[in-house]
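Taken in sequence, the protein lines are chains A and B.
Heads up: the first sequence begins at 1 in our numbering, then just goes up one per residue.
Heads up: the second sequence begins at 1001 in our numbering, then just goes up one per residue.
Hints listed in this document are in silico derivations from the structure and should not be mistaken for laboratory results.
Among the clues, some could well be false.
Computed spacing ranges between beta-carbons, pair by pair [said to hold, decoys possible]:
hint, chain 1, residue 1, chain 2, residue 2, range
1, B, T1008, A, Y10, 24 to 32 Å
2, A, E72, B, P1113, 23 to 31 Å
3, B, T1005, A, I12, 16 to 24 Å
4, A, G16, B, M1059, 24 to 32 Å
5, B, T1008, A, D56, 27 to 35 Å
6, A, G16, B, D1067, 22 to 30 Å
7, B, P1113, A, D56, 41 to 49 Å
8, A, M22, B, D1067, 18 to 26 Å
9, A, E79, B, D1067, 33 to 41 Å
10, A, T86, B, P1021, 30 to 38 Å
11, B, G1015, A, T26, 32 to 40 Å
Residues from chain B shown here face chain A by an in silico Cβ test under 7 Å; the list is partial [claimed, not checked]:
hint, residue
12, C1012
13, G1043
14, Y1046
15, G1050
16, L1051
17, N1053
Counterexamples of contact, computed for chain A against chain B with all Cβ distances above 12 Å [what the hints assert, rightly or not]:
hint, residue
18, I4
19, L45
20, V65
21, D99
Please read these numbers as outputs of a predicted model, since none were measured by experiment.
Think of the CB as a built atom: it goes at the ideal place given N, C-alpha and C, for glycine as much as any other residue.
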Amino acid sequence: DAGITQSPRYKITETGRQVTLMCHQTWSHSYMFWYRQDLGHGLRLIYYSAAADITDKGEVPDGYVVSRSKTENFPLTLESATRSQTSVYFCASFSGTPDTQYFGPGTRLTVL
Amino acid sequence: DAKTTQPTSMDCAEGRAANLPCNHSTISGNEYVYWYRQIHSQGPQYIIHGLKNNETNEMASLIITEDRKSSTLILPHATLRDTAVYYCIVRVRTSGSARQLTFGSGTQLTVLP
């Protein structure tokens, strides 16, 4: 199916563990984004990527690592999870026509 | 990007038009008005955008005042499934280099049966 998917949809992990959130899009959009959404803060950009092998930091990148070896995939890794990284994570890809971002369904991550 | 001001919440009767206002008094000439919505527990969804002319698509209409300092998103026949947080975002249209979206607090629209 065409679109943007995220996995897992729900994840519970412990402090200090490494966690990778997956994002996959079928449109071959060049730009992809990772946001986190917390109560009281709205959506905040973590990282974005302009193309395969090109990534850049957003507003809140600390504690996260991204990679993009293929256009369609944009994984987000928490190298050593902390409780403050408990959040809902949204992946998005950008289309120029119309000028908009398409968001995935989100991953709800809980760090105990 | 220009700052936007939206009411915190609004109610609308099912079947009636929902009119969601947005103030953006510091908007620049090259900034567009975008509307997204986020239904509970889902990712944000693009609705519509415009520069200065009124726009309409299958989801909604966007009315931008002549001075461009405010706009209104119109859902012509609101249904219960339109209950969501609606975000008004003002920014320069991307042109070869996409930019992040900056979401404010938005308006919680509740459609009542």
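query = Which hint numbers doesn't this structure obey?
reply = Per hint list: 2, 3, 4, 6, 8, 9, 12, 15, 16, 17, 18, 19, 21 violated.
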